[in-house]
Each structure stands twice: as structure tokens, then as C-alpha cells.
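Asks: Heads up: the protein sequence lines correspond to chains A and B, in order. FYI, this note's numbering numbers position 160 of the first sequence as 160, with every residue one higher than the one before it. Every position in the second sequence, counted from 1, becomes a number in this note's numbering once 1000 is added.
It should be emphasised that the hints constitute simulated quantities derived from the structure, not laboratory data. Don't take each hint at face value.
[Said to hold, decoys possible] Derived pair list, reagent style DSBU-like, types lysine-lysine, alpha-carbon separation capped at 30 Å:
no., chain 1, residue 1, chain 2, residue 2
1, A, 146, A, 57
2, A, 84, A, 57
3, B, 1002, A, 146
4, A, 84, B, 1002
5, A, 57, A, 19
[What the hints assert, rightly or not] Reference excerpt, derived from the structure (chain A facing chain B, CB under 10 Å, subset only):
no., residue
6, 1
7, 21
8, 42
9, 44
10, 46
11, 52
12, 77
13, 134
14, 137
15, 167
If you're wondering where the values come from, they're calculated on a predicted model, not measured in any experiment. The C-beta atom is built at its ideal place from N, Cα and C for all residues, glycine as well.
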Amino acid sequence: MSDRDIDRQLVERAQRGDKRAFEMLVEKYQRKLGRLLSRFIRDPAEVEDVTQEAFIKAYRALPAFRGDSAFYTWLYRIGINTAKNYLMAMGRRAPTSTEVEAEEAEGFEEGEQLRDINTPESVLLSNEIAETVNATIEGLPEELRKAIQMREIEGMSYEDIAQAMDCPIGTVRSRIFRAREAIAEQLRPLLDTGKDRRW
Amino acid sequence: MKEQISALMDGELDQRAAGEAIERLRASGEALQTWRVYHLISDGMRDTRLLSAGFTARLSERLAAEPAVLAPSSLPGRTPVQRFAYAAAASVAAVALVGWLAFAPQPEVSAPIAKAPTAVTPAVMVPLPSAAQDYLLAHQGFSPRVSLQGMAPYVRTVADRADEPGK
């Protein structure tokens, strides 16, 4: 099943009243949506509020979601409209340089397309997780490091990674899992801390 | 179980295994935490904006207060089998409709159908100039028309010339 198929399955479950399925979608897209909305709204606390509002609106609108587009495209459109409405209600307008029309969400993927406008404080807090992740990756055995990087950075499928690394798909799956577990182990102390931390 | 979750988030499980993994995520808080951390790692590697640690908890509280959505299964063509079934049913319906239209007994027409009078446009004779008549007479032998043989073409042309107004 493709990534989109997984989303579709989660959406179907949520449409049948399974809130946990929707929470899984929240876990998956909350940071990506927050990153998108930070193009409209500078204040990190306001970004979080609007992101929350967008998810609630999406949840309420689930019965109307027919699956004609990918879930994330639909979610990002809701997010953009929520941000615009918020700014209008506050008597503000999104800066022209950061304006994102809903159509742009069609091809939106996380990564290089969007630049954050975080405050220095939020960058510092955010970087703590990112630095731990990247430092752990650097210390991984080469076959684990390459596998996780090809998957997460290059977006390659297991099949393509198997060809590139000249090994079975099952080995790729195992290497990526072991890499994630190694990183998770290093993150654990950070994740047990207070609410001020950003992750 | 964690390896299944890892493969699930990469979209690398078949439908049955994905369904099982999602069920585990639904039932186990530890599994959901694994899903959460793996996505955090993914976003951390891609330098995605990070939110406060309380974000998920606050949103979960709000979601808990929301009435559960209960939508009819509205996603079109969820599986290839269903998509094929819908297409096959549509094809059969189309063939049945065409067949019925073609072979069904036609009803007797009991009432006369009003017929709109056909507008008859009278033919207008456009007289040819005499030079043209001369030309046609001179080149009668090259005419591709074979239905008129012998003297008939000449007679017709000459007769026409004789009726020319002003002659």
C-alpha cells in the first residue's frame, strides 16, 4: 500500500467514528502543517493555535471528504483557509512574500519548498531534537545510515533502496527499522521533559 | 510490532498487513507512541518545524470533546476489486440500455403526427450571357455528360439561346 492508501484507510476509519485513526493522521501531519502555516503567521504560539483549529475543522468536515484528492492536500487547503480567516479576524493580512495559494498545496511536500520564519527561540528549541537526530544518524553503522537517509531524505522506496544497496527488500526494511530505533533511543530522554520543549 | 509500524509509515505493507498494523496502533498506547516518535524522527531529519510537546495532548482533548463523525462509506473506488465491480456494472447497464432501445417492440403510432409544411423555394432561372452560350456550344464535345447524345445538347443550348430575353 502506498502512503496515500494508508491515509485513505485511516480516513475511512475516522469517518466510521474511530478518533484514534484521526489522531494518527494528526501525528503524521501536524509538523508539516505547522511549517506551512508559519508562512502566514509569525508567532509560534499563534501558529499552533491555527494548526489546532485547522485539524478540528478537518475532523468536522471528514464526512464531506470524498477522497478525490490526497488527504494531505485537502488538509493543507483547510489549513491555508483557516490561517487566512484568522488573519482577517485579527485585522491582519498575510505578507505577500509568504502568501501561499491553495493550489500550491496540490504539489506540496515537506522539505525545501518552504522556509520557516521561526523566532530565534523557537529555532533553538526545535533544533535540539533535530541535532540529536542528526548526531545519532552520523554515528550509525554505514548500512543503517545510508538506508534511513535514502528513505527519509531521498524518499526512495524499499525496492529502489534494495537495488541501490544490492540487498534484499527485507534487509532494507530491517535496516531502516533498526536505524529508527537507535535514534528513538537517543531521543527518549528529551521526550520525557516538560511542555516548553518543542517536538 | 515496531518493525511493522516502521514499514507502515513508509507505505511498504500490503493491505492486510497494513490493516493489522493499524489495528495494533488503535489498541496500544505504546504502539501509538512509536508511530509518534518515528514521525518525529522523520520530521527532524527533514528540518520540519517542530511544535510544542503539549500540542498533541491539547488537540486530543479537543477531539475528545467533538462528537464522533459517522459518515457513510463515501470514498469512491476504495479497492481495485470495487473499482472493477463498479465499472463492470456500469458496462452491463449500458449494454442493456442500448439493447432495449434497439430490440424493444416499437409502440403503434395511433395519432397522426403533425407535419410541418415544407418550404418550397421556386427555381430561379439565371440567364447566361450570350458569350457563355457560345462557349458552351463550342465545347459541347468535351462535356462529361453522356446521358444526352447526338443532337440533343445542341438543341437544348440553341433553344435556350432562342428564349433569351431581349433576343
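Asks: Against the earlier hints, flag every one the structure doesn't satisfy and list their numbers going up.
Replies: 1, 4, 8, 10, 12, 15
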